[in-house]
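Chemist: Protein sequence lines, in the order shown, are assigned to chains A and B. In this text, residue positions in the first sequence follow this note's numbering: the first is 21, and each later residue adds one. In this text, residue positions in the second sequence follow this note's numbering: the first is 353, and each later residue adds one.
It should be emphasised that the hints constitute simulated quantities derived from the structure, not laboratory data. Certain hints may be false.
As the list claims (entries may be wrong) - Derived pair list, reagent style DSSO-like, types lysine-lysine, alpha-carbon separation capped at 27 Å: (1) K425/B <-> K386/B; (2) K564/B <-> K291/A; (3) K511/B <-> K293/A; (4) K425/B <-> K440/B; (5) K776/B <-> K436/B; (6) K436/B <-> K293/A; (7) K291/A <-> K519/B.
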Amino acid sequence: MEGQIHRRNISGCGLAGMMSEDGRLMGGEAIIRSMEVLHDRSNGLGGGFAAYGIYPHKADYYALHIMYDDVKAKEETDVLLDERFEIDSEEIIPTKKSEAIPKGPLLWRYFVKPKVDFEDCGLCEEDYVIEAVMTVNSMVSGAFIFSSGKNMGAFKAVGYPEDVGKFYRLDEYEGYTWIGHGRFPTNTPGWWGGAHPFTILDWAIVHNGEISSYGINKRYLEMFGYKCTMLTDTEVVAYMFDLMLRRHNLPLEVACKALAAPFWTDIDRMKAKGNAKGDIYEALRMVYGGALLNGPFAIILGHTNGMVGLSDRVKLRPLTAARKDDMLYIASEEAAIREISPELDIVWNPKAGEPVVGELKNPVKKGSNKARELEETVA
Amino acid sequence: MKTYQLPEVRIERDKDRCINCGVCVRQCAFNAHKFDEDGEVYSEDEKCVACQRCVSLCPTNALYIKDNAPFVKDNANWTAETQKYIWKQAETGGVLLTGMGNPKPYPIYWDHLVLNASQVTNPSIDPLREPMELRTYLGSKPDHIEIEMVNGEPVLRTKIAPQIMLKTPILFSAMSYGAISYNACEALGRAATELGTFWNTGEGGLHRNLYKYAPNTIVQVASGRFGVHSEYLDAAAAIEIKIGQGAKPGIGGHLPGEKVGPAVSETRMIPVGSDALSPAPHHDIYSIEDLSQLIFSLKEATEYTKPISVKISAVHNVAAIASGIARAGADIIAIDGFRGGTGAAPTMIRDNVGIPIELAIAAVDARLREEGIRNRASIIAAGGFRNSGDVIKAIALGADAVYLGTAALVAMGCHVCQKCYTGKCNWGIATQNPYLEKRLNPDIAAERLYNLVRGWSHEISEMLGGMGINAIESLRGNRLHLRAVGLSREEMDVLGVQVAGSPMA
Ligand code: SF4
Ligand code: SF4
Chain A
21 MEGQIHRRNI
31 SGCGLAGMMS
41 EDGRLMGGEA
51 IIRSMEVLHD
61 RSNGLGGGFA
71 AYGIYPHKAD
81 YYALHIMYDD
91 VKAKEETDVL
101 LDERFEIDSE
111 EIIPTKKSEA
121 IPKGPLLWRY
131 FVKPKVDFED
141 CGLCEEDYVI
151 EAVMTVNSMV
161 SGAFIFSSGK
171 NMGAFKAVGY
181 PEDVGKFYRL
191 DEYEGYTWIG
201 HGRFPTNTPG
211 WWGGAHPFTI
221 LDWAIVHNGE
231 ISSYGINKRY
241 LEMFGYKCTM
251 LTDTEVVAYM
261 FDLMLRRHNL
271 PLEVACKALA
281 APFWTDIDRM
291 KAKGNAKGDI
301 YEALRMVYGG
311 ALLNGPFAII
321 LGHTNGMVGL
331 SDRVKLRPLT
341 AARKDDMLYI
351 ASEEAAIREI
361 SPELDIVWNP
371 KAGEPVVGEL
381 KNPVKKGSNK
391 ARELEETVA
Chain B
353 MKTYQLPEVR
363 IERDKDRCIN
373 CGVCVRQCAF
383 NAHKFDEDGE
393 VYSEDEKCVA
403 CQRCVSLCPT
413 NALYIKDNAP
423 FVKDNANWTA
433 ETQKYIWKQA
443 ETGGVLLTGM
453 GNPKPYPIYW
463 DHLVLNASQV
473 TNPSIDPLRE
483 PMELRTYLGS
493 KPDHIEIEMV
503 NGEPVLRTKI
513 APQIMLKTPI
523 LFSAMSYGAI
533 SYNACEALGR
543 AATELGTFWN
553 TGEGGLHRNL
563 YKYAPNTIVQ
573 VASGRFGVHS
583 EYLDAAAAIE
593 IKIGQGAKPG
603 IGGHLPGEKV
613 GPAVSETRMI
623 PVGSDALSPA
633 PHHDIYSIED
643 LSQLIFSLKE
653 ATEYTKPISV
663 KISAVHNVAA
673 IASGIARAGA
683 DIIAIDGFRG
693 GTGAAPTMIR
703 DNVGIPIELA
713 IAAVDARLRE
723 EGIRNRASII
733 AAGGFRNSGD
743 VIKAIALGAD
753 AVYLGTAALV
763 AMGCHVCQKC
773 YTGKCNWGIA
783 TQNPYLEKRL
793 NPDIAAERLY
803 NLVRGWSHEI
813 SEMLGGMGIN
823 AIESLRGNRL
833 HLRAVGLSRE
843 EMDVLGVQVA
853 GSPMA
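I would like the entire structure built from these sequences, with the hints used as guidance.
Modeler: Right under this line is the structure:
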């Protein structure tokens, strides 16, 4: 893809996320307003959003959002997709061009199901989808799948986040979780795919920071078969979550402790007090040392069943959280939260490495559609 | 036979300063200083090994040892050194022997690698204000852990194989009692204990009195099996099977009978005065599956309570060999590069066999990662580490920790005169002569070792903080923090590094 510079891009950023733990659907205008407050944390070189619950009528299909440089790239991609998926439908993603974002790549959306029937092997199906995404992204020049989860979608572009939100007409979507991001990259690839969120399956990451451990994080992931083709810190974070949560089945909180590991002095103290967590963290640091994200970062991770905010182990980048009724808010600055919810039950600054976790009260069961339907009728 | 060898050094004695006290005469085990019949001190240059003992101890600074590079007619091929070797062998018919590591001017890759530091976009971390973690666990790790949620609390279901925990990623390399003195062993044991790291017995067994340092001791099982018994294995923190040594890949060892006094004899379990010959291969290891059997015999013998290390020298096929060793069940792989030291080695082997440790670390780490088994064994790198810069670069290339041999000896007083094999070490290190041995005070030597490793650890912390990293595991194998200066494309490919000036990916 033109301008797709495979070079690591360090950046400062602003981020915000909002979630209804009741699963109430909310329009996209609030997150746009929230991001607008953080305008100065980005420089117009990238903005983006992810929303969950936006495709309820197609909830059983993987929603692929793809950007194409030209029609030829689409034709090539369609061949690869056809080989792998039943394509339920495809359409142009509706956008509204403006002075701020006058042009962009061709933006398409597909709803697909794998052609292979994996029956009881949820992991295999997801690995299949990941493989397909990586194949398209590495093989087809000028094509980039930037969203591949079910009942969720990522929307991103070069521009300020509020302009990107309007460009994608996010006010016309309704979701129970929204996350947003504005970039301040220190170099300018000017490529739409380089904006956040970075997604794989239903994981979407927005990220502010520069990870000094990138070199080993990347090599660590490669040992498990991940190809870090985009060379961004954010991609690495997304794969780390995928590896630990989906493939290694670690509880979310434990996975967060691998990424932002507690200090040995704290672990030793826990062990001395007979706190079983001390042993877990010790084992975690021994085994997942390559997963430790060292250096300043604040991230918001969105996924089907929730949202997580996390900062690095010494909190070198800002992160604030707040709750109001069923809502959880996480943002770089409190102002971004107050803008959309002036009254809050509680506001706090999470400690370094302490995850802020939001969870759907009625989680969506992944993998099996039957169980999922059941879940939805109960809800 | 009259020797044709020319003296390598010239001893200069400032007669205005010399007070004829005789310190140099008593200190020199090589008899380079003598009294003449009038009681005046004089020197014989050809006996001097340039160990600098007399220079260091002369109370009036009257001595100066000068390079006496003999003038041979300009010739890049027939240098003074090549001629010297020939004269020596023409006179003795023997194998040229030497001590310490490969001194040849091969490229030192450490000096072609530079480290990164943070500026603006990523704050550096000040180790004086913020925690800086160097703690390192050596041993086999699973590729994931299993956690079960019980009543909303996570419970660890994975039992991790035994590990040794180091407060700093630096250990003392294998140096046997016999090759080095009792006091040197004691100093190493004491320093390792105080530093929260480990020393290594080498193949000389563990002297009775040193069992108190056993929790910080790695014991070696080498081809001669000297000093190996159940108590020795049980006491240790870890066991190392020695297959090879960087200074002399492919050959065994030879401790001359003169060095085998009563204490060495008892510790090694061999008769007093007998040569201790370690065969080149272990006579029960002729293939990788034999190695696996020995690894598991040792694990069985110690009831799977401690990690088993396998030490090899860095040779051409080191990556594949290391992979085999990891698959054979080793928990740690120690790789010794061709600059690794020795008490005694044939000069031609020391100078011509093996490969630099930098390339070996890079190749092994890359290979184990390609095969998805890097977690199965830790890597200790050895072979000529000179300072903390070398150590941190080794870790960035992919080593878990580093063994110090020569640097530890230098800290204790060694001046790298390469005469360890003579047993006449004037510094009391590589000797069993009670008169010489007494010169090494174990308290002082231990303190010097402690200071050295402490200093290096501080420097490593500073450099890590500069890179914006506060835990050593985030640098391990993180080659993006290294850049190459003055290396060929092929060398950079093996090292897995980019040229300085290229961007961060
Ligand atoms: S030690 Fe120094 S002062 Fe004493 S005899 Fe030797 S050269 Fe002279
Ligand atoms: S240990 Fe002693 S003999 Fe060996 S090189 Fe050092 S000073 Fe010389």
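Chemist: Each hint needs a verdict: does it hold in this structure or not?
Modeler: Hint check:
Under the criterion of a C-alpha separation no larger than 27 Å, the hint pairing K425/B with K386/B is inconsistent with the structure, at around 33 Å. Taking the CA atoms of K564/B and K291/A, the gap is near 26 Å; set against the 27 Å cutoff, the hint holds. A threshold of 27 Å between alpha carbons decides the hint, and for K511/B with K293/A the separation of about 20 Å falls inside it, so the pair holds. A distance of roughly 19 Å separates the Cα atoms of K425/B and K440/B; the hinted pair therefore holds under the 27 Å criterion.
Taking the CA atoms of K776/B and K436/B, the gap is about 22 Å. The hint holds against a cut of 27 Å. For the given pair, K436/B sits about 67 Å from K293/A by alpha-carbon distance, which is inconsistent with the 27 Å threshold. Between K291/A and K519/B, the direct Cα distance comes to roughly 17 Å. Compliance with the 27 Å bound is thereby established for this hinted pair.
The earlier numbered hints that this structure contradicts are 1, 6.
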